[in-house]
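Undergrad: Now for the letters of each chain:
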Amino acid sequence: MTVRAPLLTALSATLVLASAALPAVDKFGDVARGKQLYMATGCYQCHGTRGEGGGNAGPRLAPTPLPLEALKLQLRRPRGRMPVYTAMVMPDKDVADIYAYLSSVPKGRTAAEIPMLKPQSTRSGSK
Amino acid sequence: MAAPVDLKEGERLHHGRGLARRQFLKGAALGGVAAVAAPATLAQTEEAGVVAPAASGQPDSGTARQPDSSTAPARNTNEPRAATPHPRSEEATPRDESLTYSSCGGDYMVDVLRSLGIEYFAATPGNTFMGIHEAVVNYGMLTQPNLRFITTMHEEASVAMAHGYAKIAGKPMACMMHTAVGLQHGAMAIYNAYADRVPIFMMVGASIDATRRANAVDWLHAATDGPAMVRDFTKWDDTPGSLRHFGESAVRAYKFSMTPPYGPTLLAVDTLMQEDEIPGGARAAPPIPKLPRVAPPAGEEGAVKEAARLLVSAERPVIYADRAARTPEGLQLLVQLAEVLQAPVCDSNNRMNFPWRHPLNQSRRLRALLGEADVVLALEPGDPFSLFTATDRHGNTRSALAAGAHRITISSVELTPKGNYQDLQRFASEIDLAMAADAEATLPMLIEEVKRQMPAGRKAALDARGRALADAHRQEMEAARESAADGWDDSPISVPRMCMEVYEQIKGEDWSLVSGAAFQSHLPQALWTADKHYQYIGAQGAAGIGYMAPATLGAALANQKHGRLSVSIVGDGDLMFGPGILWSAAHERIPLLYVVHNNRAYHMEIMQMQVIANRRQRGIDRVHIGCRIEDPNINYAAMAKSMGVYGEGPIENPRDLGPALKRALAVVRKGEPALVDVVSQGR
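Chains A and B, in that order, are what the protein sequence lines are.
In the numbering used here, each residue carries its 1-based index in the first sequence increased by 12.
In the numbering used here, each residue carries its 1-based index in the second sequence increased by 5.
Bound-form chain B, shown alone (with noise of 0.2 Å):
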């Protein structure tokens, strides 16, 4: 994970407007002088692009923004300051209309966030967060030009793209909304990150003083307490009212957001205290908090030394990884245990928590696995209940596991817990031991004390069990390419031929599928060989539908310094909800590959459907009525064209679909996105 940049109190920037582009082109030309004036400075801002650190700002009182210049404190009048403030009502106290500041809190806001290592800032813009807005691309950009402002068309596509991002990027995106109607928009977006355990940084423009609104759809777009709206799926919101706690509070945030279990935060941010004046002046600008490294909770020492007899004693142990790894050094660790105890693993598909390939991994086999499990050792398992328990078409349940089975958890979820919204799933009522930790953080203390406790005699038998799943593995990877087998030819393109097209193209290149897999039935898991934790991310988090196709997006953008290739297996019905995010990848030139599994409907309700109406013994003929995407066909190459985005397709032969990827993927090469739509069977 990149550090954050630490911006100290006397490297912050510091100008007037025409001040910082001199210093700009200053920088960019004699970057040698400054680093010899400043070389603890550059080696701390290289990593985050910062061309040209200026002047000192010096700490301020910390009290709240004045908006009234009469009361401001004494200008330095070296300073540029053009016009007078325009003489104001009784009744009101409107924006201030000068025409030049030397900094404004947007600055400010700008330094903080750099300061956080936050790289780009992802809006459909609004003019209640345009003070920030402005001073991304008017400041921030021109300072530091690895810093970049994101058009989206959407909202939601700008939550979703900032979700995708920190799964590869590790660290929160920025990205700015409406107080209301920005933050409804965004609002299922946020739900999907925080169901998902991703840190997301979020700020909206909030019209805190009423007086000073300038019109109707001012008040239109001002809430009292905006947060509210998203309050119970977000990890902590804060109001600042002044510079100096919005210094703080957007520490906080991003260190909130940033311990585990991680999760959106948000700011409302005053629209008049991102426009208005430093108060006093940019030399009084506020100190800039430092940003602690953050240590994750891990579990207990006795619990661990439990949970470690537990499996050590154990004969047919079973390790299940849901949002297990949460950095690539989750992966590793997750292999090490797996291979001290020979145990097999078992991964939800909700992150990359292990080698697709491994001998270990037995995910295919999680529910013969489970019924014959003396422990279970559950990592982050997102919904416990229905891991432990097996529930028949009725409603009936039963433990999934045979009498006298061990479960344990560590779920970092159940030390920030939430009522409301219900993520947490159905309570599991017979776990023995449950460790409110972060998994990841447990996992080395965890290994040390298996190797610690087993005996020297069991490796013989260790040994057996891990040439009986080794084996195991490899009959499914068998069974896995006969079943791919079926329907190869056939048109509507079988799934997974579409899959495996796609891998024949990519693999023996540095890939990361960003789009979710379980509307392939997770194939790629199957079929694909994969060690690396950015080659899967994972999906929504709350299943909320129109993530795919922006959040992939932001993956696409996290990967691109890389040099990585990105593919999107994105459906045709989360495409369609918000397709804007064609143009804002075409704008933008963001390498993806977007493969469009296009089988003309919303599948999942029309098989819905069919269950409800066939119980009513009504005939099904008709449950396709609201569920299709047909009649008329959309021709998802021309739209993505139309915005930019080099198109394919509609592909109906299998036979073509090989050199339309490659065509593709020559674009996507080239550094430019591309769109292929593969008319598919549903599953």
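Same shape as in the complex, but just chain A (with noise of 0.2 Å):
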């Protein structure tokens, strides 16, 4: 798959922060590559930059991915607004090293680790 430079310098750039102790080849694939055909192949505009869930527009596909059987089921056949990735838009090479990259993702904090979003954070002082 061709991936354009400048759009995918821009968007490398993003992930400063994501990036940091990502293993380069994982069992699945490579995870440098399927980071880049992930941001290159548009999963990233519904499921965030590192798969941590768009809200209305996708879920969240990472830390803990899908089984990699299931992923490519909802890639070739998905259901809902998903756009379908047959095997000529996304061969299954693609689709194991995008799988490598989302198996990568490390746990982030949960709520209870969050201060923010502790019950009595979200209760509102109005008036």
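To be clear, the hints were calculated from the coordinates, so they are not data collected in a lab.
Keep in mind that the hints are not guaranteed to be accurate.
[What the hints assert, rightly or not] So the derived list for chain A, only partly shown, Cβ under 8 Å to chain B, looks like this:
| # | residue |
| --- | --- |
| 1 | E64 |
| 2 | G66 |
| 3 | V96 |
Quick reminder that beta carbons are idealized off the backbone N, C-alpha and C, glycines included.
Both chains are sitting in their own frames, so use the hints and assemble them into the complex.
TA: Encoded structure:
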């Protein structure tokens, strides 16, 4: 798949905080290439730059993604508003690399570890 | 809602140019004297801020404007008149260029408009309505200091400001445009307001007498039926032929716009009628018609009883509220109905219909609840077909409700249907009971009927239903918090992080989120606490982009007099439709925090392009072309600063966002607008 260099340059610049500790290759595929593909093929538009989810636009993909086969099925025969990704558009190798990237995303903080998301912080004091 | 000011026959303003200013000064200095002289008048006018109502005018015959002074009634010789009208040719009746008028049509129009309680006039200036413009600034504003002329840089901004203002103020703002080029600019914003069922009082300057058009531009800006171009999406329009006709049609326009379903109305006002002297002088000004108290249409009694019967007997009722709560009372009534039934309420988020943290608020569970419901009550549903229907990606449809479920709608829009524009959505064919009525006006009767019909033995079952719903609400809230934690420390900044950083700064104050939240996946509704009608007002109406920045400024203007903290989360693409509104915000000193959700794209379109390109199996690595807003990136903070608005950003590190918001809000609290540019995830 052709990757547009200017686009990738711009997008990768936004991933400074995300890319620090990614292994180069894991058991599924090439993590670095997977990250590039994830951005270039538009996954991030609906699912966030680290697969964190995009609200109503797309569910969370990472960390701990669905099994690879389930992800592939959703790409090939999507449910909901997800665009279809045939093997012509996204070969199995690319899917595997993207999966490797999603699998490599470390767990972030939970709501309980973020003061702003604790129940008492979501209460309003408005008059 | 503020009551319109009733300027009675003897209370309307009458003046020569000098007289008006003298009376203003006198009124300011001797307000106590005026109070003794006319206590009833002051009681009425205090609300509208009228300083010095003056001497009487007499009703005229109501005949049309008479531009030729040679045929005008005899003048009061005490009124100044410096010049003789210019001689006229046989081919034309040119503009009356006399130097001094005792009073002009525009003054009368201002009197009419403020009798309706209109306080603000938004416009990008134009010569076809200079007669009113001049009367507002040199007559209205000098005699009623709370009148304001809001300068905009696009007619779409004028209309959108009025749109947002009305949803907070509960009454229309006036806005003015050229007939041709102005109305063409304003059209999309009018359609938004129409589809959002919002009242706006619009006027266009109309050059009706072709022989009095001064030049080629006057011809280019004229149309024989200008309002026709927006008639499909205005509630009513008229082209008055005399000042008396203007007065009657202005009151009628206001009345129609404020009768549910609310909507924008339009008067095409003859340019020269605005400019010329009142026929017969100020003392012959027509009377100002009385605006009645407008009673909204309530549901028919038998239908209300039947709806109550179905709701009371239901095991799994669902209440769906779209544009249901027109006023704060509407929200309280819906709470009453839900609590007496212990029924879940799903809010479309087109209004603040129901408190966000009320245990019966189940908005995020709409589809699941519909699938189990045996009775659904839909209040002012904008799209009942989609509500009651499940549609798959191939367009196949099936009922979203179980077999045998009953569907009830209460909709004021059915009272005034129009064709052409398709805002009515697809016909919903399985509705059992459709009340053509205003939902809010029907709720008191429905609540009483539900109480009357409710068997005493149902209490335990209702309590159990309520507890289950409260538990579901808590679970939804916890899930929303957990979901918000995903990507919390990412850059670009996650949308939940952006929303929560904003909330962290405002939650202790009397805040009002004046922007829609659909592009933020309604995260404020999921994570914030809100229970006031003004804390959320929905969005565009017709999904016309370019609404958010100006409409939220209009809403902030309405909030200003209440001292509320207004916040607008505006998309970068939306803002760039009309960034000149930032100058208006600074110029008018309207306190508002703009938070730019800057995903550097027309993001929705990128997602849609992905679907199309992949269906054609051509790859999506080029779908950003035409949709991205980068190369170069826009520096929104610098743009804001260039127009006098405090600017922060671009903020890319989430740790920087809280302090930036804090600094910006300090400016807003001082009464000025501010903008924070947040480089964000797409959604």
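Undergrad: Now, for every hint given, state plainly whether the structure supports it.
TA: Okay, the hints, checked on the actual structure:
A hinted interface residue such as E64(A) counts as satisfied when its beta carbon comes closer than 8 Å to some beta carbon of chain B; here the least separation is about 3 Å, so the hint holds. For G66(A), the suggested interface contact is upheld, since its CB lies about 4 Å from the closest CB of chain B, less than 8 Å. Taken as an interface hint, V96(A) checks out: its beta carbon lies about 5 Å from the nearest beta carbon of chain B, inside 8 Å.
When each numbered hint is compared with the structure, no violation occurs for any of them.
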